[in-house]
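S.K.: Listed here are the chains, written in short residue letters.
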Amino acid sequence: MNIQILGNPSFAFAHVDLDPGETIVTESGAMATMDASIDLDSKLNGGFLKGLSRKFFGGESLFINHFSNKTSSQRTITLTQPTPGSMVLHDLGNGTICLQPTAFIACEPDVKLNTRFAGLVSFISGEGLFKITVSGPGKVLFGAFGGIIEKEVRGELIIDTGHLVAYEPQLKLKIQLSGGIISSLTSGEGLVTRMEGDGKVWIQTRNLQGFASWINRFF
Amino acid sequence: MQIEFEYKPGNAIAKVKLSAGQTITAEGGAMVAMSPNMDIETTTRQRKGGSLFSSVKRLLASESFFFNHFTARDGDAEIFLGTSLPGDMTTLAVTGKKIFVQGGSYVASSQDVQFETVWRGAKNLISGESLFWIELSGQGEAIINAFGVIYSFDVDGDYIVDTGHIVAYEEGLDYTITKAGESWVSSFLGGEGFVCKFSGRGKVWCQSHSSSSFGQQLSPHLRAIKTS
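These protein sequences, in sequence, are chains A and B.
Just so you know, this note's numbering puts the end of the first sequence at 254, numbered straight through with nothing missing.
Just so you know, this note's numbering puts the end of the second sequence at 296, numbered straight through with nothing missing.
Simulated from the structure, these hints should not be mistaken for laboratory data.
Think of the CB as a built atom: it goes at the ideal place given N, C-alpha and C, for glycine as much as any other residue.
Be a bit skeptical, because a hint or two may be false.
[What the hints assert, rightly or not] The list that follows gives simulated cross-link-like pairs (lysine to aspartate or glutamate, EDC-like), each with its CA atoms no further than 16 Å apart:
#: 1; chain 1: B; residue 1: Lys-247; chain 2: A; residue 2: Asp-74
#: 2; chain 1: B; residue 1: Lys-265; chain 2: B; residue 2: Asp-242
#: 3; chain 1: B; residue 1: Lys-247; chain 2: A; residue 2: Asp-76
#: 4; chain 1: A; residue 1: Lys-207; chain 2: A; residue 2: Asp-233
#: 5; chain 1: B; residue 1: Lys-265; chain 2: B; residue 2: Glu-238
#: 6; chain 1: A; residue 1: Lys-174; chain 2: A; residue 2: Asp-233
#: 7; chain 1: A; residue 1: Lys-105; chain 2: B; residue 2: Glu-250
#: 8; chain 1: B; residue 1: Lys-165; chain 2: B; residue 2: Asp-180
#: 9; chain 1: B; residue 1: Lys-166; chain 2: B; residue 2: Asp-242
#: 10; chain 1: B; residue 1: Lys-166; chain 2: B; residue 2: Glu-239
#: 11; chain 1: A; residue 1: Lys-78; chain 2: B; residue 2: Glu-250
#: 12; chain 1: A; residue 1: Lys-209; chain 2: A; residue 2: Glu-231
#: 13; chain 1: A; residue 1: Lys-174; chain 2: A; residue 2: Asp-145
#: 14; chain 1: B; residue 1: Lys-83; chain 2: B; residue 2: Asp-144
#: 15; chain 1: B; residue 1: Lys-265; chain 2: A; residue 2: Asp-74
[Claimed, not checked] Chain A regions said to be covered by chain B (calculated; three or more residues, Cβ under 8 Å):
#: 16; stretch: 45 to 54
#: 17; stretch: 112 to 124
#: 18; stretch: 144 to 157
#: 19; stretch: 164 to 174
Okay, chain B solo, but in the shape it has when bound:
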């Protein structure tokens, strides 16, 4: 399987080449175009195992209820995978370490990557992050998307990520909801409010823009929907 990206970072799309017999699993609705020799199987769960309950959890993680499994039937095949928001896409190398992906950011994964929807705590009610996250494990590659540019860094110690900017993070890290800087007063008066503080060791992927900040900027100009 070979993954290439085009039109990064503004309107990224993933071009995935599969050899005969290879499968990629993608979130429902991600397929933009593909070769005709592709078999599609639609399930509410991962191909091997997973329960209906996990599909319900995935809905809560603002992911699609359905997964599509694309398999190259005979010979090579290619598929383009996209998302609905403008922004960046990138690959995550899954190498045994678990990776947690924010609900809504998962696009696709190769066949030996396992994924599970997991509850990441009530703290996310406060921070506005997803309550449910996609946990990736196993071996292979996954594709994620974001609103804005995806940038990553290695945390060793503490690092602050403003709410709305987390895309994914590795096992070995966890975050708490706290303030920016030393004072709660400054954090709130300065418009930062709650932020996420990552501690431990591992990689974090962030998005340069927050879709909710853009929404807040845009919404005063939008017309209210007539409900009568």
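So that you can see chain A by itself, here it is in the shape it has in the complex:
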């Protein structure tokens, strides 16, 4: 399988070459174009009840798609995301990362996808009640609204709410006011997320709620 990301940083999309017998697992609706001989099988994302609860509480898709090349030569599928922005192809090795529900685009078939309760802190900070964990071996493709900054956290990092895309699971999320009560209310930062521990985070340079509230001012 060869995954090539084009269009970074503003309008990323990915061409995926599937060799005979290969399968790629994608988020619902991620296919933009594909060879007509590629087959699609949509599967429940986990169990039925689990899937349902994630759909209604996590805003996630109930189904995930398996695109398979059952022919005898290479076939191409092109994947996209709804928002303009960047994509990252991350080799998990044997590790795990946590993703915001809307960030997941695709992964290799051996990658284990799980949805976990992310905790109240995550919910309050606008990152959603659920998070996806993806575990290797294999590669995962994820995306964001805006560019993606990859940063190594050593001890502590403060991130504005709505900007966290992905992080390594050993990092702990805490919510806090950006400063004192007055400065938090007046600085426009309000609540921020504090990441504690050592590990990698991926941050998006824009956030959809921020963009929407800018548009809302015109109505």
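Use these hints to put chain B onto chain A, whose structure you have.
M.R.: For chain B alone, kept in the frame of chain A given last:
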């Protein structure tokens, strides 16, 4: 006429250089900046021929009702052409083969390219593509725009394009509205729903992003308009 692009693919703009006497026709509202020695003529139709009815059809194709014809008066002149959405632009070489451009994606064309608004069938009601398309013929170049990156490929056989991603396609191809993969159930449960299946031989231009998918992602965060 010489066409160059800048700020591809995120915020593309076309810089068109015209020699004296040359004309470019652009969709109303596309001009961003231009040299002072440019004559502008505004019509509701193509310069040579075309009817008022075709302008009405063009409105339905989510294009502008008016066309502007820019002609370099004396000496060279240049014009910048842009669009309202962020995204890519590219040129199409029109060489006798007809090219169908999705309504809303046409920006401009050189003087010997003919264009006509054509009905492409009720199937587009289902797929959400334009009901009316711009049909380009003749000889020359055209400029198109898209939401996202424009990528093209040659189809020989069958190829699936998800609804909302078609920008243009050549004569020799046609598409049907169908399912992704072998099963209708999977296509709908998997969120792909209806897709367009191109058959035949020719080139297809697609956009990497769909403005309606972005709209669906964005709209829950937008405030409802007060109607009182």
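S.K.: Take the hints in turn and mark each one as holding or not.
M.R.: Going down the list of hints, with the structure as the test:
no. : hint                   : in the structure
1   : B:Lys-247 to A:Asp-74  : 10 Å, holds
2   : B:Lys-265 to B:Asp-242 : 8 Å, holds
3   : B:Lys-247 to A:Asp-76  : 12 Å, holds
4   : A:Lys-207 to A:Asp-233 : 9 Å, holds
5   : B:Lys-265 to B:Glu-238 : 14 Å, holds
6   : A:Lys-174 to A:Asp-233 : 22 Å, violated
7   : A:Lys-105 to B:Glu-250 : 12 Å, holds
8   : B:Lys-165 to B:Asp-180 : 14 Å, holds
9   : B:Lys-166 to B:Asp-242 : 12 Å, holds
10  : B:Lys-166 to B:Glu-239 : 5 Å, holds
11  : A:Lys-78 to B:Glu-250  : 14 Å, holds
12  : A:Lys-209 to A:Glu-231 : 8 Å, holds
13  : A:Lys-174 to A:Asp-145 : 9 Å, holds
14  : B:Lys-83 to B:Asp-144  : 13 Å, holds
15  : B:Lys-265 to A:Asp-74  : 14 Å, holds
16  : 45 to 54               : holds (count 4)
17  : 112 to 124             : holds (count 6)
18  : 144 to 157             : violated (count 0)
19  : 164 to 174             : violated (count 0)
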